[in-house]
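Peer 1: Sequence:
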Amino acid sequence: MEAKIEPHEQFNSEDESLKDWLSHLLMIAATLLGVLAALNPVKQTDPICIRICFLLAVLLLVLVLLLGGVSLYGVVFEKRTHFENYAKELGESVKYHRKMRPTMPDGKRLFLICEKGSYICFGLFFLALILYLILSLFVVS
19 MEAKIEPHEQ FNSEDESLKD WLSHLLMIAA TLLGVLAALN PVKQTDPICI
69 RICFLLAVLL LVLVLLLGGV SLYGVVFEKR THFENYAKEL GESVKYHRKM
119 RPTMPDGKRL FLICEKGSYI CFGLFFLALI LYLILSLFVV S
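Here the numbering used here is used: the first residue of the sequence shown is 19, the next is one more, and so on.
Think of the hints as simulated: they come from the structure by calculation, not from any bench.
In this text, a Cβ means the ideal position worked out from N, Cα and C, and glycines have one as well.
Possibly wrong hints are sitting among the right ones.
Okay, the calculated beta carbon distance ranges per label pair [said to hold, decoys possible]:
(1) GLY109 x TYR137: 37 to 43 Å
(2) GLU107 x CYS67: 57 to 63 Å
(3) SER35 x LYS126: 14 to 20 Å
(4) VAL53 x VAL94: 24 to 30 Å
(5) LEU142 x HIS115: 52 to 58 Å
(6) HIS115 x ASP38: 38 to 44 Å
(7) VAL157 x ALA55: 21 to 27 Å
(8) GLU107 x ILE152: 54 to 60 Å
(9) PHE101 x TYR137: 25 to 31 Å
All chains should be modelled from the sequences, with the hints used to inform the complete structure.
Peer 2: Set out below in structure tokens:
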């Protein structure tokens, strides 16, 4: 016998996995930012291109943290509004003696844009960090 998954149960499991994924991404980004800020290998005598690449990498990591935080808030906000809508629909179905309609959350576009932006910035961070490493190895101070 095949188990049937209700739409709201599927939403809850996807919601929790996205929440876990985003929190792990934020933890990794915050750790990398802390390590880069603590080590800070850039000196005043380094060429300007090396200093700009390091600054760009740090700024991209800060953007990952900001955009990832907004998208993580969006996941929590969406779950909260889903349960509020579910409770409202349950109350109305009991009040009017009718079958309960399915309630699904409406995805907020801003949160989706922030999530995709955080992924893009995380990838660009690694590119900027690789560029910084290449420049620091091959450009003569």
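Peer 1: Confirm or reject each hint.
Peer 2: Here's how the hints hold up against the structure:
no., hint, result
1, GLY109 x TYR137: 37 to 43 Å, "39 Å, holds"
2, GLU107 x CYS67: 57 to 63 Å, "58 Å, holds"
3, SER35 x LYS126: 14 to 20 Å, "18 Å, holds"
4, VAL53 x VAL94: 24 to 30 Å, "28 Å, holds"
5, LEU142 x HIS115: 52 to 58 Å, "56 Å, holds"
6, HIS115 x ASP38: 38 to 44 Å, "40 Å, holds"
7, VAL157 x ALA55: 21 to 27 Å, "23 Å, holds"
8, GLU107 x ILE152: 54 to 60 Å, "57 Å, holds"
9, PHE101 x TYR137: 25 to 31 Å, "27 Å, holds"
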